[in-house]
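Build the full structure now, drawing on both the sequences and the hints.
Take 1 as the starting number for the sequence shown in the numbering used here and just add one per residue.
These aren't lab readings, by the way, just hints derived from the structure by calculation. Hints may contain errors.
Quick list of in silico lysine to aspartate or glutamate cross-link-like pairs, EDC-like style, CA-CA up to 16 Å [as the list claims (entries may be wrong)]:
(1) Lys209 - Glu186
(2) Lys209 - Asp271
(3) Lys550 - Glu629
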Amino acid sequence: MSYKPEVARSTHSWLMHFRGARPYLFAVPVLVASAIVQADHSMAIDVIGQVPETAAEQTLTTEKSAITRPMNDSGELLRSINGMTATRRGGHGFEPIIRGQQQSQINILSDGGYIVSACPGRMDPATSYIGMETFDKVTVIKGNRSVIYGSGGSGGTILFERQRPEFEKGKPYQGKITLGHTDNSEATSGSVDVSAGSGRGFVRAYVEKTDSGNYDDGDGNTVSSAYESLTQGILLGFDVTDADYVQLGYEQSRQDDIHYAGNGMDSPYADADNVRGKWVHEAVIGFVDMFELNLYRTDVEHLMDNYSVRDRVGMMGQMSSPASSESWGGRWLGRSYGESSELRFGLDYRASDQEVTRYMDMGMGPMATSILWPDAELRTTGLFTEFDYQLNSQDMLRAGLRVDHWTADATAANDTYSMMPSRTPNQLYQTYYGTDADRRSENEVSLVFGWDRDMANNISVSANVSRTARTPDATELYIASDKEMTMMGMTMQDDWVGNPGLDSEIHYQIDLTVQQSTNVYSWSATAFYDHVEDYIERYQAGTGNDSVLKYRNVSARLTGLEVEGQYALSDNIITRATVAYTRGMNTDDDTDLAQIAPLEAHLYADYKTERWGAGLEWVIANAQDRVNEESGYDAGPSNGFGVLHLKAFYEIVEPIKVEAGIENVLDKTYAYHVNSANVDPFNPLAERVNEPGRQYWMKATYQF
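Encoded structure:
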């Protein structure tokens, strides 16, 4: 038996069970990152609803990685996918955004498990704990196209997967070693990933380390962005019987001395420990043809302070905020196959406990000033079923139903935290919303309907309609940052208070894609519309000493268009272009939603031979004046930019490849509109962070 993880709506899994199914109906692997000339790594990236592969494109992308230059984390890797972007906080901690949605609106799974951030200010998004070089595959699902990956996911789902290695006959081992360097930040990175085993089982060990300094922007100004990162783990898989496969994994991520540009606090450490388990049974039990059980647990410890990494105490004294997040859960997924159908069904469970307290030391010892997360306990139990049916040789249908039971509680909401007069979290909630953080529970329903049609001339049409319930997260419900200090009659900055009475977001989405693929060219166009009831919006109320960041439910609308095309000028020259635009509106008062990227385009040209290649990427972004500064996320209107990147590779011998390139060739000073720096992560008023100026990089890969 040789089990490989499924791919959502992909020809690599359920779709090929159907007779006559076209290989690009639901999911197609495409080149999605800096498509200059891609590295010959084992990681593939699938994007649901993108341009189907042409024969020429397969030459560049089949079994190729989207990783080119050494990158800071997996969030940065996802920036180059059409319709996606990511916020920058420094050199590490990029927050992915899909079609204007981010944070808990996106489900991110690492080998089947969730990672819940430990910082209320999102200094450590889940992607910051995920190493890149040791993953075999990343799948990006835009919007809600499946109900099997957990509750929520209105913006999309990102799956990081390691697959079971396949060994050549007479060679019971394989591995990959990478080394990289970037001159601007003097960042050095390296990874080792080795596997050994047989057809019955394997053991895999990996380690990835990066040490980066601060970089300079195009004007030569130093941007605080240094960090150290170490990810290491072990994966063990074996066939217990001919029908049963078991896989166990442990991974730890250690990040130290993380600088955040524009922030009043840095992170001395951000650590995560992940345990994963999987059992796959591939034999018939009643009407179940096979099933898969996944279990996981992740513990995150994160510290923010203003004195360990850089001494910036000043008149404010020493401030620190130790935070922790524990998440655990699992999923049982069964499959039943028919002549022209597949039924998927099961149940899952997701739990998280999150707590953080802020301290201040004015020379008299540390004193608590706020319980930022008052022991937030969130639980979700879900039942789901999803049915795919090959109606005829042209039409594929999908229907999915999901029911979730969600509970939330803040067990420390009445705790006091200081010998001095101070407000408990519940007193803050009462002050600003007139409510307490009582335990609450809800039942939510999500639906998915899909139709794909294969037409003449290699044209296909795909339509997807969904209803998605996205429950509030711990920050939106329970953040309790009390900035009032009665000591010396001083009031410090703004309060930032969650709303325990928030309703869940309900997204009604529809997207329509038309695409065509030939041996010479391919293209696609996607339009999407998302009407949101009870969209959760952060806003600033009051002025001066009475100012507070609060949360409310509003009606909202997200619309957009994504266009992508590729043309083979010859057997060696490929050109490609992508364009994406998203518009976000609060329809209650006709204002703009925050953190919506402007019109962005990527233009690529690649030349490739058997042993060497070169290419360019031109990134173009429009100016953005549709902002919501009241939210504290947007740093005002942004300028447009155009940036040129160059890249080349040379295969010295078959297992050794060297890549090199120049990022920001013209040394421009620029910043993406979506940006999330701030003076203090617990008074998060945005400040834009510039991207690196010109930087030269080199990377070597040895596979054996």
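Now the hints, each set against the structure:
no.: 1; hint: Lys209 - Glu186; verdict: 14 Å, holds
no.: 2; hint: Lys209 - Asp271; verdict: 14 Å, holds
no.: 3; hint: Lys550 - Glu629; verdict: 14 Å, holds
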